[in-house]
Amino acid sequence: DQQVKQNSPSLSVQEGRISILNCDYTNSMFDYFLWYKKYPAEGPTFLISISSIKDKNEDGRFTVFLNKSAKHLSLHIVPSQPGDSAVYFCAAIWSNTGKLIFGQGTTLQVKP
Amino acid sequence: DTAVSQTPKYLVTQMGNDKSIKCEQNLGHDTMYWYKQDSKKFLKIMFSYNNKELIINETVPNRFSPKSPDKAHLNLHINSLELGDSAVYFCASRQDQGPGDSGNTIYFGEGSWLTVV
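Keeping their order, the protein sequence lines are chains A and B.
Under this note's numbering, think of the first position of the first sequence as 1238, with each following residue one higher.
Under this note's numbering, think of the first position of the second sequence as 39, with each following residue one higher.
Derived from the structure by calculation, the hints contain no laboratory data.
Hints may contain errors.
[Stated by the list, open to error] One-sided excerpt, in silico: chain B residues whose CB lies under 10 Å from chain A:
1) I83
2) K90
3) I93
[To be verified] From chain A, some residues computed to sit far from chain B (all C-beta separations above 12 Å):
4) L1248
5) S1249
6) I1255
7) D1268
8) A1307
9) S1311
10) V1324
Computed from a predicted model, the values in this text were never measured in an experiment.
Just so you know, even glycine gets a beta-carbon here, dropped at the ideal spot from N, CA and C.
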């Protein structure tokens, strides 16, 4: 039973354009959502997060949107750069348990 | 300074052997984790410890035993290694308490690539 899903295994965008990565979740107890970026042979690196009481959080080129009624969140990267090419993992946590659940990941390729 | 460090980064060993992966965090965090990334690239939680106390224990074989000598260390011991144990193992830590949302961010180590032959 996968509680966090990223249905797009891969995404390819042109440099300078917007990248939109999507994530769905099923457990309404999640109260905090995170995006991680992962390069090959490295650990996941924290990118941006959002609390369940908010619907948007912005950090430079990265914005995360949360739609609680749809149990959906998305990560927007504007403008996309070749260095953004990596695997992006959506993750959710229920603070009481401290258990971080990951999606399957989406491989983003930004073409120059 | 590396915040969450784990050793070794690469480990190749034979079936039936016993091995350990060490993890240390210098962030002063209260909770530490072990995650496993399997061949399908899924990241799945194995264990978590809070102040040396086991909090989360997913359905992991008994051959896997975490040990936390202190709050800053969480080591993973694996007995009687099997071919299916080949994976990447990530250590992570979380503060639990902090201003705003900082307590919920989990930081990961670089990973330990275990290959069982």
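**OP:** Check each numbered hint against the structure and report the violated ones by number, ascending.
**Re:** Numbers 2, 7, 10 - these are the hints that the structure violates, sorted from lowest upward.
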